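S.K.: Quick note, the sequences are listed as chains A and B, same order. Take the first sequence: its position 176, counted from the start at 1, is 180 in this note's numbering, and no numbers get skipped. Take the second sequence: its position 27, counted from the start at 1, is 67 in this note's numbering, and no numbers get skipped.
Just so you know, the hints here were simulated from the structure itself, not pulled from any lab data. As the structure is a prediction and not an experimental result, all values here were calculated from the model. A couple of the hints might just be wrong.
Stated by the list, open to error - A partial selection of chain B residues facing chain A, derived with a Cβ cut-off under 7 Å:
#, residue
1, PHE69
2, ASN118
3, MET124
4, PHE126
5, ALA130
6, MET134
7, TYR138
8, GLY144
9, CYS147
10, GLY149
11, ALA151
Said to hold, decoys possible - DMTMM-like mimics (lysine to aspartate or glutamate), calculated; alpha carbons at most 25 Å apart, straight line:
#, chain 1, residue 1, chain 2, residue 2
12, B, LYS119, A, GLU51
13, B, LYS218, B, GLU204
14, B, LYS108, A, GLU63
15, A, LYS97, B, ASP229
16, B, LYS108, B, ASP281
17, B, LYS110, B, ASP198
18, A, LYS97, B, ASP198
19, B, LYS119, B, GLU154
20, B, LYS108, B, GLU98
21, B, LYS110, A, ASP183
22, B, LYS119, A, ASP183
A virtual CB, placed ideally from N, CA and C, is assigned to each residue, including glycine.
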Amino acid sequence: MQKDIRRLSLILLFAPFALWIVLLILLPHVGMVFLSLREKIAPRVYEFGFANYIEFFNEPIYWNTLVRTGSMSLLVTVLALIIGFPIAYYIAKIAGPRVRGALFLFCLVPLWVSDLIRAFGWILLLRETGVVSNILQWTGLAAAPVEMLYNDVTVVIGLVYTVILFMIVPLASTLDGMDNSMIEAGYNLGGRGTTVLRRIIIPYAMPGIASGCIIVFMLTAGSYLTPILLGGKNSSWFTEQIYDQFITRYNWESGAAFGMLLLAFTSLVVWLGLRLTGQSLANTVTKT
Amino acid sequence: MVNSPSTDLECINISKTFGSVLAVDNVSFEIPRGSFFSILGPSGCGKTTLIRMIAGFEQPDSGEIHIKGKSVLNTAPNKRNVKMVFQHLALFPMMNVYENIAYGLRCNGVAKDEIDQRVNNVLKRIALPDVGEREIHQLSGGQKQRIAVARCMVLDPDVLLLDEPLGALDLKLREAMKIELKLLQHQFDTTFIYITHDQSEALVMSDRVAIMNQGQFEQVGTPQELYHAPRSAFVAGFVGDSNRWAGQTVAAAGSAVRVKTEDGLELLANPYGAAAATGGRAVDIFIRPEFITVERAGGARAAPESGHNTLNGVVDSLLFNGANSRALVRSASSHLIEADIVLTGGNEDLQPGENVTLIWPADQTMCFAT
């Protein structure tokens, strides 16, 4: 009796999680895989085959877009790390306990506003008739209105801004767990600032760096709004291709294949990154 | 004095305040080469601040710190030849034992062959020759301790600072490490400065001990001096166990002084300092448990010699601890007094509830003016 109750409560507790995994993650992906492996031979007539994948590799614009998305996402990840690390270090190690809370709050506040509104904020600033352009003209630094939207630099800036919080939080929590005396020991034993950073702080923060980079890279490669709004037609983001296939061309088979390819590609990059830094996936989760 | 080669470390009138708190108040001391020096004090007495100033992590507001005769105030922490064993050791978890020890040598740009030789050498000296390839988390508490010392000693420091490194160990290991640290200090023949709030650590290991309280040194001396000839009530109360009474002096009686305690006892006491030797002064009295003899009341016994204090009481309870067993005796005024006794386990042993007389020499009744 007692045993049954315990088993029942275990099942009940586990059910939401299992339902979530199965219904919202496993099933859709299985569906996508099946969809992507269908070849359309006539209206409403389908056959099993790899044509959708073959099409992707035969058409340079498709895989070029994927490579471009991947490399720009890597650039965004690296920039977010370089900018985020000092901020996280300041929050975790230099700021006092009260300031720390306030700083974390400041990092979170932008998240209260939707992606869309934040992207429009950038547009307001950077468009031809926007704030920055007007200031440049007013101070005489520019003779004519300057268009700062619809180029890669703007897309990268906008993406870094959107994702940097997801870099700062895991980094700050890893660094927060580091005993200050470890840094002091690094100096005490004769290390210079750069030595302490390179041999002690960064190796210690490695699980946080890895987990922050994974989140940021995945979010960037899978983002849609920011590249579209800030990059316009020039952005050539891979998610845009997927959207086009599904919505504009109503070619679900090819869209599903692209989706699986994006997943495979980003997973490959993350796996490579983990291998190169000598981290394991479990490590990045447990140590942050 | 400044350039005398026999001192490794000299601090002159060091002060440090944090906000309105005076952490270290005008402390001066010097430590002869190759000695084991402890700074003993309750938590918050400023001892950690003092050691951090010597290591260079804090800058004193005023005063001078000389290491081997040279001022180090303008030397950055990583340039001072003073190494520190931290409270939680601060071994680097991402490096193995070998890399932990080699870290400091690499920072100093020592050649690879020499690093190898020196690391292996120091591992042999701490009797852990084969642990080089182990990870830090694979070591036991005592091994970590030794690696932390080795990591510093491989750099040949002028002074090694130890900030309560035994605090995290369990009791048995702590006892063993006390002896081990003392042996390591002998072996390396380097000046150790050891910070602790645990008096037994300080007394067992040190050549000299400084008792620190509220940012000042109360007394500096050998462990025996501190124990048997404390210079202040704080030292008498802090070092070793003692029974304590508050009271007032009545009048001098020869070299002793007659004291009336707050609960009405009349005792003969040995005045420490001239102030306690005159009548009418508020005083604190300390008697160590080992000087008190416990006699059964009504036993056939000669009247106590003059120059002794006697007190009647009832055994309240027995605190059995092998050779360090004690009796807790309740006096007529309900004051609990601890006295060392021998418990053999035989029929002759004292039992709770027995009437006893406590006798102790007036000489050992330490009396301090408050």
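S.K.: If a hint holds in the structure, say so; if it doesn't, say that too.
M.R.: Hints versus structure:
Because the smallest distance between the Cβ of PHE69 (chain B) and any Cβ of chain A comes to about 21 Å, over 7 Å, the interface hint for this residue is violated. For ASN118 (chain B), the shortest C-beta to C-beta distance to chain A is roughly 5 Å, which falls under 7 Å, so the interface hint holds. At about 5 Å, the closest approach between the beta carbon of MET124 (chain B) and any beta carbon in chain A falls short of 7 Å, and the interface hint on this residue holds. For PHE126 (chain B), the shortest C-beta to C-beta distance to chain A is roughly 4 Å, which falls under 7 Å, so the interface hint holds.
A hinted interface residue such as ALA130 (chain B) counts as satisfied when its beta carbon comes closer than 7 Å to some beta carbon of chain A; here the least separation is about 4 Å, so the hint holds. The closest approach between the C-beta of MET134 (chain B) and any C-beta of chain A is roughly 4 Å, which is under the 7 Å cut-off, so the hint is satisfied. The closest approach between the C-beta of TYR138 (chain B) and any C-beta of chain A is roughly 14 Å, which is over the 7 Å cut-off, so the hint fails. The interface hint given for GLY144 (chain B) is met, as the beta carbon of that residue sits about 4 Å from the closest beta carbon of chain A, less than 7 Å.
Because the smallest distance between the Cβ of CYS147 (chain B) and any Cβ of chain A comes to about 4 Å, under 7 Å, the interface hint for this residue holds. With a least beta-carbon distance of about 10 Å to chain A, the hint placing GLY149 (chain B) at the interface is violated under the 7 Å criterion. The interface hint given for ALA151 (chain B) is broken, as the beta carbon of that residue sits about 15 Å from the closest beta carbon of chain A, more than 7 Å. Of the supplied pair hints, the one linking LYS119 (chain B) and GLU51 (chain A) is violated, its CA atoms being roughly 74 Å apart against a limit of 25 Å.
Distance restraint check for LYS218 (chain B) and GLU204 (chain B): the Cα-Cα separation of roughly 11 Å lies within the 25 Å cut-off, and the hinted pair is therefore satisfied. Distance hint between LYS108 (chain B) and GLU63 (chain A) is unfulfilled; the C-alpha atoms sit about 75 Å from each other, more than 25 Å. Between the alpha carbons of LYS97 (chain A) and ASP229 (chain B) the distance comes to roughly 37 Å, so the proposed pair goes past 25 Å and is violated. About 37 Å separates the Cα atoms of LYS108 (chain B) and ASP281 (chain B), which puts this hinted pair outside 25 Å; it is violated.
Between the alpha carbons of LYS110 (chain B) and ASP198 (chain B) the distance comes to roughly 12 Å, so the proposed pair stays at or under 25 Å and holds. Under the criterion of a C-alpha separation no larger than 25 Å, the hint pairing LYS97 (chain A) with ASP198 (chain B) is inconsistent with the structure, at around 30 Å. With a C-alpha separation of about 21 Å, the suggested pair LYS119 (chain B) and GLU154 (chain B) falls inside the 25 Å cut-off, and the hint holds. The suggested pairing of LYS108 (chain B) with GLU98 (chain B) holds, with an alpha-carbon distance near 20 Å, which does not exceed 25 Å.
As the CA atoms of LYS110 (chain B) and ASP183 (chain A) are separated by approximately 32 Å, the hinted pair breaks the 25 Å bound. Distance check on the hinted pair: LYS119 (chain B) and ASP183 (chain A) sit about 22 Å apart at the alpha-carbon level, within 25 Å; holds.
The structure shown violates the earlier hints numbered 1, 7, 10, 11, 12, 14, 15, 16, 18, 21.
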